[in-house]
Amino acid sequence: MQWRVILCGVLTMVFQPVGDANISDNAHFKVNGVVVVWSADPTTGAPLAADFIVDTGTGSTGATSGDTDEIAENVTAVVTGTLETSGPNGSIVQGSPMTINQATGSNAFSTDSNGDRVMDANDAFSAFGLRGITRTGVQQMEVQSSFYVASSVPFRIDTVATPVGATTTAQMAQMRFFVDGVTLSGDDGVVFGGAAQYPNSGGANAGWRNNNSQFTQLMTPTLVFVGNQRTAASRGTLTDQSVRLDFRYRYNTGNFSLSDGVFEAGAEFVYTVYIP
Amino acid sequence: MLKPRLADLFLAIAMLCLVAAPEAHADIIDSARFKVDGVVVVWAADPNSGETIVADFIIDTGTGSTAATSGDIDLIADDLLTVVTGSLEPADENVANRQGSPLIIQRPLGTGNFNTDTNGDGVMDADDGFDAFQLRGNTDVNTRRMEIYSSFYVASSVPFRIDSLATPIGATTADQMNRMRAYLDQVTVSGDDGIAFGSAAQLPNSGGPTSGRRLNGRRFSQMLTPRNIFRGNQRTAASRGSLADQSVRFDMRYRYNSGNIDLADGAFEAEAEIIYTVYIP
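If you read the sequences in order, they're chains C and H.
First residue of the first sequence? That's 1 in the working numbering, and the numbers climb one at a time after it.
First residue of the second sequence? That's 1001 in the working numbering, and the numbers climb one at a time after it.
Check before you lean on any hint, since a few could be wrong.
[Stated by the list, open to error] Per the computed footprint, the stretches of chain C lying under chain H, defined by three or more beta-carbons under 8 angstroms from a beta-carbon of chain H, are: (1) 50-56; (2) 67-77; (3) 143-152; (4) 225-236.
Derived by calculation from the structure, the hints in this document are not laboratory data.
Positions of the beta carbon are idealized from the N, C-alpha and C atoms, including for glycine.
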């Protein structure tokens, strides 16, 4: 009789549905990687952040990164060293002012007398003396543009070039893309970079890919920059933690004379900043 | 369970003594004994359905002064998961990117500060979106305060205590455990978070909603072994009513460091499981 009582007691203990009186909570803090891209408002010229990229994916290209841009608008590049928008029209007309070389009694001078990179009705200059070697041409047809980046993580940039208007494939092949590098700090109307570091630890010219490519080589998305560290080096404001990425576009050798006639060629470059 | 058995034993011994007594009396001895053990019921929401669920039902079967030694029994094998404070949204570990980390845009030109978590779900992700914003020299991007709020509900017939234990998850470092702090903000005596609670309740510490807290704001690194965070001195059930009527809400808060994280701090993740154990001393 006694062993049955003990057995019942043991079985009761075994099958009793007891548990620990625990409440489980989860403190989970996560700060996603962020890249903020800014330049200037095309309308007002004021500094404007128009790309706010959050690292919500892991893809290794701009197309597959899975990242989120919280801002629907896109950044428009500015003319390097200014907050002047380098919009579609500006991209076409920049870089083409003619230069008068070897005129009698004067040094070479640009027909773009007001320095706005466009030879138009706003320019004027004095009559100049001719001699046999006096030439009128375009010494270097180049467009320089930039945008600014502040990041909490390393990032990459892909680019794709698309011809604009009547630009031909031959002209796309005549145009080349250059990376001038990263400018760490400066004052282009807004001071930037006081708390920044290069996005590639190798320096201003490190991490660039496909420099000096023909536009025809960039007609599908192509990697042009690989960073390996964030731009934010220390605590600071958004502009403090920003660097400037400088690009340059050149038409052929750039040395054109009157015999080349008139022409127009342009391409839109779309840069996609992403966090791999 | 032990006390009734001893009583029975003493009764049996007494009866044996009576049996062994040389003189018999025509006595009949009976015992009518009633006992209601202290009970604490803890509830929150089902992580799967979001419906209210009771998952801890604690009976006062011991007398220890810590959770580990209390000797109490929880009649429900499941453990409870907390909810996001003020809601019945489960705050479980399956929520990949919990509250507390959205970035704030501070001092943009022409607009006030705004949160990048535009839909207010506590996460900065693809479901958010905002307009381009104008910059000036002092425009900043940072997390002003990284905080997580969670709660659970308690109904009790006796005073109770709560111990807590923090365990790092994943790659969370000792330094990060040192940067995170736990707060018991208060006990909310009544409200409606999708279910009304507290209409027949009183605060579990008679001193008020913030009384009975112990070492509030403790670092997670100081909670790697069980620590007492609350001591009650009265039951929550103030008058007759339903379980929800007699319940109060415990409001917890977790903070990462000062919370002021900017781009220079990079991207990071820190996570810990906090286990609260309710017991009757």
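Quick check: the segment 67-77 of chain C, covered by chain H? Criterion 3+ residues, Cβ under 8 angstroms.
Our answer is that it holds, as 5 residues pass the Cβ test (under 8 angstroms) against chain H, meeting three.
Report holds or violated for chain H covering the segment 225-236 of chain C, Cβ cut-off 8 angstroms, minimum 3 residues.
holds (count 7)
Verdict on chain H covering the segment 143-152 of chain C, where coverage means 3 or more residues with a C-beta closer than 8 angstroms:
Satisfied; 3 residues make the cut.
Closer than 8 angstroms Cβ to Cβ for three or more residues is the test here. Does the segment 50-56 of chain C pass it with chain H?
holds (count 5)
Figure legend: structure checked against the earlier numbered hints; every hint is met.
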